[in-house]
Structures are given as C-alpha cells and as structure tokens.
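Enquirer: Keeping their order, the protein sequence lines are chains A, B and C.
Just so we're aligned, residue 5 is where the first sequence starts under the numbering used here, counting upward by one.
Just so we're aligned, residue 137 is where the second sequence starts under the numbering used here, counting upward by one.
Just so we're aligned, residue 462 is where the third sequence starts under the numbering used here, counting upward by one.
Since the hints were made in silico from the structure, they are not lab data.
Beta carbons: idealized from backbone N, C-alpha and C, even for Gly.
Worth double-checking, as some hints may not be accurate.
[Said to hold, decoys possible] Cut-off 30 Å, straight-line C-alpha distance, at most; resulting in silico cross-link-like pairs (DSS-like, lysine-lysine):
no., chain 1, residue 1, chain 2, residue 2
1, B, 161, C, 485
2, C, 614, B, 281
3, C, 817, B, 161
4, C, 898, B, 230
5, B, 281, A, 61
6, B, 659, A, 61
7, B, 161, A, 61
8, B, 486, C, 826
9, B, 230, C, 826
10, A, 57, B, 599
[As the list claims (entries may be wrong)] Cβ-to-Cβ under 8 Å is the rule here; a few derived chain B residues that face chain C:
no., residue
11, 631
12, 632
13, 635
14, 638
15, 732
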Amino acid sequence: MDDILIKILGAIATVILAFTVGMTYGGLSRKVIARIQNRIGPPWYQNFIDNAKLLFKVSNINHGFMQHVAPLWLIGMSVTTVLFIPVLNTGGDSWYNSWFPNLNFHGDLIFLLYLMVIGSLGMALGAGQTGNPNSAIGVSRGLTQMVGFEVPWVMALVALMIQYKTTSITGLMAAAEQQGTWLAFSSPFATLAALLAMPGMFRYSPFDIVGAPAELASGPVSEFGGKYLSTMMTSGSIFAFVKLTLYVDIFFGGANNLVELVIKTFILYMYPVLWGAVSPRFRTEQAVRFFWGWPVLFGIIALIQASL
Amino acid sequence: MNSLIILLFILGGGALLSYFAFLSKHAFGQAVVWLVAIASPVYFFTQVAVGESFSFSLGGFELALGFNHYSWVFALLIMVLSPLSLIYSTGYMKSRLRLGTFYFSFIFSIFGMMGILMSRDLVSLFIFWEIMTWASYLLVIYRGKDVEHTGIKYMIFSAVGAYSMFMAIVILNREMHSFDIATVIQNFGNMNAADQWLTGILLLIGFAVKSAVMPLHVWAPGAYTNTPTSFTAVFSGGLSKMGVYGIGLVLLNLYSHSDFSQVGIYLAWLGAITAVMATFRAVFQNDAKKLLAYSSVAQLGYIVAGIGLGTELSVFAGIYLAILHGAFKGTLFMAVGAVERQAGTTDMTKISGLIKNMPWTFFAALVAIIALAGIPPVGGFVGKWMLYEAAINSEHMFLVILIFISSTAAFLYSFRFLFGLFLGQQEEETAHIKEAPAVMVVPMILLSLFLVLMGTFPGIIFKPIAAGMAELGFQGVPWHMSVLYNMWGDSVNLTYVSITFGTVFLLGLVYITLIARKGTKHKLSTKDIHTAGEIPKPEDNLNYSLDFYKPFERVLSPLLKHKLDVYYNEFGKGLEALFNFMRRIYTGNGQTYALYVVVFLVALILLSGRIFGI
Amino acid sequence: MVANPILYIALPLFTAFLVPLLAKLWKPLVRIVPGLVLAYLAIMSVVLMQQVSPEKPIIAMIAGWKAPWGINLVFTSFSGFIASLISILAFFIWLYSFGFKKVEFDDAQKYFILFMLLTAGSIGVVLTGDIFNMFVFIEITSLSAYALTAFYKGRDGAEAAFKFLLIGSFSSIMLLLGIAILYTYTGTLNMAHLALLMPQVPMHAKITSFLLFFVALGIEAEMFPLNGWAPDAYSQAPGPIAASFAGILAKAGIYALIRVSYTIFDLGDHGGFELLLVMGLITMVVSELVAMRQENLRRMLAYSSMGQMGLIMIAFGLGTKEGIYAGLFIMFNHAVIKSLLFLASAYLVYYTSRKKISDLDGFGKLLPLTSLLFGLGAFAIVGLPPFSGFWSKLSLLIATANSHMEFVLATVLAVSVIEIIYYFRVLGRLYFRKAHKEIKVRKPTWNSVVTMIVLALVIIAVGVHPDFITGLLHNAATDLADKADYIQKIIPDLFSQTLN
C-alpha cells in the first residue's frame, strides 16, 4: 500500500517539478532572446503570471467538443510521459531520489515515441474543429515538420538501441553507467543526428513554421484562449522538461541530483533558443529538407556504426 | 452432417438464395441477408471448432477441409467483420439497383474466404481462391465506374497471381503426388532446389497479389475505391488478409525447412517499401475513400513485413496487425461509407465539419484512426510496438527506419482524413446532413469498442494467435493479457499507460469543464473565429482543404514522379501492338489462306527430317 | 429400343432425303421430324454409352462383311463418347433453331436438310473404322458446312463460304493423297488393319502420308496457320450453326486428327506428338492474341474457339494418358460451353449487322437472361470454379506438369490471362454500360431459352460435381491409349496372326 502511495505522491512531485522547471525555462528563454535583440525583456517569472492570468479569465470560447478536450490530450500526454521517463539516475544518493522513479521501470523508447504523438494529434483535432483556416494550415505544417525531424531522431534512437541491445531508457542509462562515458561520446553520430533534430521539436525559429506569428496568427492555437490556452501552456512546459530530460538521460549520462539535472537541461535548452534567436524562419519544405540532409546522413552513419 | 459443410452451405446457399430473393421482393432479400449475417457467425462460434475435418473425393481428387489453429485466427476475423459489414450493407445499399447481384457476390466471397481458410489441400484452396476472386471482381465493377480500367486491372493481376499459384500447385503435385498440404510439408525435402524455388516464388506471387505487395499492388487503390464501400470494409479488412494468410502458410509452413525461407527478408523489404510509397500517395489524396485505399496498401505492407521477417515476435506482430487492420480499416471504410451515403460524396474538398451532423460516425472514425496511427492507448499501438521491437531485436535497422517513416507520415493522412470529413468549417450546404441509420452506426461502434478494448487487453486475441503460431512452428509463444515483452526482455505494461492517461484525462475533463463554466461560450459557429482583425466576408472560403500538404509534396516530388502504373500501361500498350501485328496474319483474303496451307505443308515436308529424327 | 451405331448415320441421312417429301404432307413436319430423329439419337447415345466399356466396344458391320474387308462402325468408349456428345448437342441445337428466325419455308427446309447432313457426316467421321469412309464423311460434313455458311444470302456469307470451300478443297485433295499413299503400301483401308500393317510401310512414305493427313485434318481441326476459313465461317453462318461448327464440326475434325495420329500412324514417339504439341501451342497463342483485338463478337468467339482447339491439341500432344483425359475433358467442355456462348451471342447480336462488341452496351438490362447465360459461359470457358471449365483446365495443367513441360504450362496460363481479359471486357460492356439509344432487341424464344438453360445447368453440374463425367472420360482415355486393344477388338484374327 505504501508502495502505491509513494508512487502516487512521487508522480505528483515529478509533475510539479516538471511544471516549475519548464515554466521557468520558458520565461528565461524570453529574457535571453530579448537581450540578444537588445531589449530588456520580461522577468523570468513572466510565464507564471501569463498562465495565471489566462486561467482566471472569465470568458472562454469553444467551437465544439473536440476543441474542449484538445488541451486534455496534451496534458494527458505530457503528464504520462513525464511519469514514464526516469528523471534522475538510479545511482544518485540524494534523499529525494526515491520520489522520481518512472512508473514503468523498463520505460520503452518506442512506446515513448508513440506516446509523445498523442498530444499533437489531440491538439490537431481540436484545432481542426475550430474551423479557423490558420489552425489547419498550422497543423498541416506541424505534421509535415514532424515527419521531417522524426527521421533522424528515430535513426539515432534505433542506432543506440541496436548498439546497446536494449530498447528501454533505463537500459541505455545503465549501459552508459557501465562503460563510464556518456553515450554522446561512444555514439557521437547518433548524438549529432538527435541534436540536429531537436530544434524541430522545440519549434523555435527557424523551425517556428507551425505558429509562424506574423503569418498564421499563432497557427493551431489561434482559437484557444483562457483556460484552454493556460492548460496548453502548462502542458507545453511539462513537455519541454520531458524532452530535455530525455535527451539528458539518453545522451548526456542522466543526472544524479536535481542541480545536475537543471544545469544539464538548461544548457541543452539554450541551444535551440540561441539558434532561434539569430535565424529567420524556414519555409516548410526547407525545414524538411534540412532534416533530411545532414541529420539523416549522420543517422545513417550512426546506424552503420551500431551494426559494426 | 459435418459442421464445416453446414457452414459453407449456409454461406453458399445464402448467396444463391439472396440473389433469387431479391429478384422476387426487396423485403425477402433483406430478410435473407439478415439471416445469413446472423446465422453464419452464430453457427460458426457455437458449432465449428478447430480439429473438425471433412474429407471427400471430387473429380478424382482427394479433398479435405478443416480448420487449424492458424487459419482459425483469420476465420475469427472474417466471421466477425463480414457479418457486421453485411448488416451495415442493409443500410448502406438501400435503394440501389441490382441488389441481388451485390449480395450474391458479397456472401459468395465470404464463402470463398471461409473455404480458403478451411482448405487442407491445395486444390480446394485454389478453387475457393478463384471463387473469392471472381466474386470480389463482380463487386469491384458493381458500380460500373471505370470498368475497363480498374476492373480489368484487378482481374488481370488476380489472374496472374492465381495462375502462378496454379502452376506451383501442379508442379508440387508432380513432385509430391499429392495436393495435401500436410504431405507437401512432410515430403518437402524430396524436391530439388530448382523446383523449391520455382514453386515458392510462384506461390508467393499468387498470395502477394491479394495482399498488394509492391510491385503487384497497382490494382489495389482503384479497386478499393470503386467497390461499394460496405464491401470495401471486407475487401480491405478481410479479403486482403487471405494473401497474408497465404504468405504465412508458404514462408513459415510449407517451406519452413528449406533455404527458400530466406526469401522472407526480401519480402519484408518489399512490404516496407510498399508501406512507405503507399503512405506518401495516401497523404496527397483529396478523396477520403481513395486515401483509405492507399492506406490499406500501406498497412498491408507492414503486415507483410512482419510475416516476412520471420522471427517469433514479428510474425506475432504481423498476425496481430492483420486482425487489427481488419477491425480498424473495416470501421474506417464503414465511416466513409456512412459519409458517402449521407453527404453524397467523399471528396474532402467538398465537405467538411460533419462532426456535429454525424457524431457517432466521427467517434468510430476517431478511434479507428488512433488505432491506425498506432497511438496508445488503442489497440493499434500494440501491433506497431511489437513490429518495431521485432525488427530492432533482429537488427534490421534500415527496415525499422522505413517502417517508421511510413507510420510517421501516416499521421499526416490520419489527420487529413478526420479533418477533411468531420472537422473544419461547418457550411450551410451540409447543415441538412443527418447521422447514418442505426444499422450502419452500430457495427462501426462495436468495432471501435473492440479496438479500445485491445488497447489494454490485447491478450484476448493473443491467445488464439499464440495457438496459431504453434501451427507455424513457433511453439509456446509467451503472451500476457496486457503486458508486452520484446525479445530482449524490455516491456510495456499497458494497464499503467491506460490508467495514467485515463486518470489525467478524466481529471482534466472535470477541471476544464468546471472552471469558468459560466463564462464558457459553447456552440459558436465556425464562422465566428479569430482572423487577426480582418473580417471575412460570407463568400470567403475559410476551409483549408486543397493542396493540404503542398510543402510536403514539394519535398517528395522527385520520389512521386514515377508511378509504377505508367510502366504497366506502357507494357500493356506494347503488348497491344504485338496483338495488332498478330491480327494482320488473318488478312481475310482466301488466296492468302490457301497459300498458308501450301507453305505450311511444304515446310513440314522439308522439315520432316528434323521433326521425325531421320 | 433399337440401338445400333448404324442408325447414327442411317437415320439422319435418311431423314435429310425424306424431308422434302414430308413437306408435301404437312409443312411443319420439316421442322419437327429432324428433331424427333435427333432426340432418338440422343437417347440412343445414352443407352449405348451404358453398354459400352473399354473392354467391350460395340462394332457394327455394314452388309455383313467382316473387317477388314467390309466397312464397319466402331462405337468404343472413346468414339462413342464423342459421337454421343455430338448427337446430344445436335438435338439441343435443333431445339434452339426451331423458332430462331422466321424464315421462308424453302429456307427452313434447306436449313434442316443441311443440318441433318452435317450431323450425320460428323458422327460418321467419328464412328467409322475405315479411312476412306472417313474421307467421304468429311466431304459430306464439309459440303453441308459450306452451304450453311452461305445460308444468309449476301456478299459476306458467300465470301466466307468461298474461302471455306477453297481451303476445304485443299483438305480433300491432301486427304485423298494421304489415303492413296497408305493404300499403295498396305492394300487396306481399314484403320485397325492399317495400324497393324504400319510397320511395313517405309518411313518416308509413312511420314509423307502422315503430314498430308496432318495438314488436311489440321484444316478441319482449325490448326494454325490452316484456320483462315474459321473466323469468317463462324461469323457469317447463322448463330446455331456457328455453335454447331464449334461443337460438332470441329470436334469431328479433332477426332479424326487424333485417331489418325494415335491409332494409325505409329509416329507419336518419333516426334508426332511433339509436332502436335507445338502446333497446338502456336495455334493457341496466336488465336488468343488475335481474339484480344477483335471488335466483332462472333469473330472473337471464333478465335477463342480456335484457341481452345489449340489447347486440345496440346493435351493430346502430351501423349500421356493424363493428357488424353484432359484433352477429352476440354473437348467436352468446349462443346458445351462454346455452344452456349454462340447460342447466347446469337441473340445478343441479332439485329446488328456488324455484330460489334461495342454495340452490346447495356444488354444486361435489355436481355437479362441471355446476358447472364453468356456471362456464365464466359466464366466457365476461362476456367473459373465452380464451373466445368475449371476441372478440364486443372487436369490439363496436371498432365502438363507431370510431363515436365514448364514452358507449356506457363504459356497456357499466360494465355488464360488474355482470355480472361477479352471475355471480361465483353461482360463489362454487357452489364456496366448505358445502352445505346434506339436499340432493337429480340427476346429469345422459349425453346432457345430451354436449350441455353440446359447447357448452363450442365456446366454448373459438372463444375460442382465433375464425377458426372469423369468416369466416361477415364474410359475413353483408356480406350484411346490402348492401341493394340483397338486392333484386337476389330480384327482379332489378323491381330493374333501377326502376333504369332
């Protein structure tokens, strides 16, 4: 009984951690981009304020059931994923370590990949129902971009899975621990492919074609406001944390304690943000061609390396 | 009387009876169809069992019928999907012409499929195969659309497939002196390598045609599109699985003890390539039915890849996917048929926003699409997962990548399908459309509930599949009610997934419904949208439906430029030129013919030394 | 009832000459009497087929002379099977023709006389045990066939008949020459005796004579390139006659060819079978390819018919008992199915002078039953189960495979695909096109409907339960394969002399 209780409490703690970290990173990224553009920018906690404001908005608009439940797909997906990835290494010895085990200990990568799609699909359906053409255009771009970056990303993962004969994240982390180096060093090409695919997931410029502020009036989310947008923002923050942790877990040796986790994820997070701050937007087909160029080549090399 | 014969009698007799019943009175016909749709599954599930057999002699051939555990799995699919589609048909086909022909061919093709599955010798297998083929051909051309092109194409490919199978069967008979499948398996070693390869390839061609493997797939999109939709559900969901059944039979059963089984991996590659190419084509379709047709080809590609790969897990995944594909593609075609019947078209550029008009259909389609895309927590995920893991475990990494590209691109058409028909702008012109009648909706909903159930408890059908696998030489395949294991011991526990996702979703639903409840404005028109300050005029088109994935099309344009179809057509034209040349032999001139006679005689006499060896 | 093979020839010949006299009594007798006679023959066939077995052929001597000196008729399991097939089919074609077209009395009289002659001649070819007699019967058959081809007075019919006549006369000359050569060396005309004495004939003479026979009978059996007459004759003759060309005339021709190759000449193992096989293959391929491009329904059927004859030649060219069995099965199926197709097509193209396939659009609605039966015939002829054509195709393929002829196997199957294409193209037009405006159709008369339905039922019955005829076919195959037995049964004395 205690076991289950701890699991549930631990799950809640994990979600709260993910939410806080994700929101803070979101605020920081706005600040960083502003500084690069020679503006002062909002404070780091601006995202918390925005979220709260949206949440307490009195009037909300929806066009139908699918739009009503769309944010739930997102939040359901991001919460489930955060519970299924190991936040910290098992080897860590801090007192809070036992709070963050993943639910399914052999959390499987293929499973995770598919789980991560639920949100996009729900979002797409919700956006579709609003009838706003910008939403549909945004969705069609988003899905296209996804096909683009998933290819090198999956190549990298498959290469690792075959190289280390395991399909679970914990298995990969154990492998890294066993060989003593990060997988980023033992499988450099897979890491390279995965890193090049990463900006596509974060949708910062030059891959912000989905929202495309000046063009599509924020794309899929253009009809969402108030509590809906707030839920989506929450989910987005959690999901950002999920992605970063996943990268850290797989390629950069995981983290033994929260400080290490924050440092590693923040550095990793700055990479798409900084790239975005200095790049203009791609067109959709350019984005796909980008992902299917060098990243795929690295992916192929990684696969060949894995099979040797 | 033997229960197998009675089952065949119900189906075959029902087919004939429905034909004559529709000749006399429409109500009689409907009654017969209902009778068959209820009687055949009831009889099947209560009276028929694995292990019963029936042997008889016909035309000098010893024939034998009987299910084994392997064919039983497919029989389950057929006997669930077909009756549901039949019931669905009674709503879908209302007020159409030539219903007698339609139901005759429909039920007769079910008869053929069940016959194939219970055939224990190659002659009866072939007979039922041909019956199934021509019955389905009659349905492909039933609507009279494009008969000379699509219909003939289907028939040509089917005939090529069937005849290569035929050739293999008679050669096997020469070597084995028997048509019995068990004997063939036993005496296989006595055959020389050349014959093994020849017959193996020929049989595979025969089965690959029906399961639409590249390059033999070109008939499929057209045929699936032209068939009345209620049959397409069975056509794509059940009939194509006969090819899968056959491929499994050939690779894992007949030829499992020879080098020939190596061919499986090439087949797996063909399957994966088929999946990718067909998915790309599906993405750019504007017609929902055609989209599903291409998607069927793609999904069959996965299944073939699974069977071809030949490891325990991959075959398991292949068979599971075959069953699941039957369920979700059946549902999807039914949904599209409902839309077609209610809205009059399946062109996604013409209709949109039907979710309000047809909520139940939308629900069924949504579940089925989630299953198709392989997203948890619906059953399709289970099959996808096992397929990937099997390919990764056996280290066919580029194969994994191909399959992955295909199933990621599948999200594109999955969304397109749902968006195109059910979401988007709700227009004045479509406001009158109503939900389809209950006889059409209920089968869809039943199938979609089955899919949801599979998402958490796939063990329900793992059980018969595992039994069937034993028939293919994989003894004692481990399976669990809701935990998936791969060959390296990694696992996914589906109950965790379902419970977590379900809990968050439900909590969220309560939360998002309750918060600011009073201020939430429901049921706004889809015209009432945010347009960044611009006020759209009534005549402005606010629906994004044409060139939906144009950027993606631009990326893929070099790949899509070549269509296999074109080469086949060129080949056909070349043949026609040859035929025309041949025709000139018959000049219509009496003297010429007389000359032929004389020349022939002289030539024979001159060559007589050669001919008679003196 | 009196059942004697002689009646097969005597009765129809007698009727043919009696008809003009009967007409003086009561005009409808012209139509009725031939039917009664044919019905009698059909029933007699059934009776005789029950009596006959490979061990016990029925041999009838004319004028009491024993073979080889007298002329005899040999009703064995093989020849009897073909003769029965012909006579039963002839009865049904009569039934069909009974009210097919409203024609003048003179024409009707002419038609039935010629038809009786055609039947008598064909059965004669099959039953006779004498080579010269066979020649005579072939002449009778051919002459009536020429006349029937030109039955519709007009340029086309006359031209077709002329071509037929021209080629046919070649056939006669060659046949006569072949017989003359044989007679010079053996001094006998009895087929059994000829077979017995064949080893004495010098090789070159034997071959020359065989080739003359081969070409002459090849013309009758529609072998390529000797079949130029066939498409014109089939398409110009009246519908039921086209059916009887396929079901009766061609059967007699192929029978003669096989009888001569198998029984008389002992060349089978020296290349005779290969020659037959190769010519059959070429005939089949060329005919089916040409059929593919036909725009005229009757011509298409004619070419398809030639293709089937090629298939039969292939089956017999295999030279095995299985091959013979398959060949006989195809002969049976071809007779029944092709007759059905020709009979049905006669109504489909009744009012169109050009008999174009493109004129058939939408006939499925206009003539539902006829179209359905045509469709059934098409399904059966391309060999789809559960129709009779499937079983013959199966047995042919088994025989071919067992003879290790993969190439022939593949070719036959490839050609079958082509066959499917052109037949199904017609079906597509019948059922899935809008009918042309102002199209005139003729509803089939009740007697032709009965005929067609009976044929269709035979097709289905044999398809579902082939054992109805496999016994007969087995007996016939056994009979033909055992040449020594044939000789012994007909001329026992001479046979035992030679053995000693």
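Enquirer: State for each hint whether it applies.
Expert: Now the hints, each set against the structure:
{"no.": "1", "hint": "B:161 to C:485", "in the structure": "52 Å, violated"}
{"no.": "2", "hint": "C:614 to B:281", "in the structure": "42 Å, violated"}
{"no.": "3", "hint": "C:817 to B:161", "in the structure": "35 Å, violated"}
{"no.": "4", "hint": "C:898 to B:230", "in the structure": "29 Å, holds"}
{"no.": "5", "hint": "B:281 to A:61", "in the structure": "56 Å, violated"}
{"no.": "6", "hint": "B:659 to A:61", "in the structure": "19 Å, holds"}
{"no.": "7", "hint": "B:161 to A:61", "in the structure": "64 Å, violated"}
{"no.": "8", "hint": "B:486 to C:826", "in the structure": "33 Å, violated"}
{"no.": "9", "hint": "B:230 to C:826", "in the structure": "20 Å, holds"}
{"no.": "10", "hint": "A:57 to B:599", "in the structure": "53 Å, violated"}
{"no.": "11", "hint": "631", "in the structure": "49 Å, violated"}
{"no.": "12", "hint": "632", "in the structure": "52 Å, violated"}
{"no.": "13", "hint": "635", "in the structure": "53 Å, violated"}
{"no.": "14", "hint": "638", "in the structure": "50 Å, violated"}
{"no.": "15", "hint": "732", "in the structure": "4 Å, holds"}
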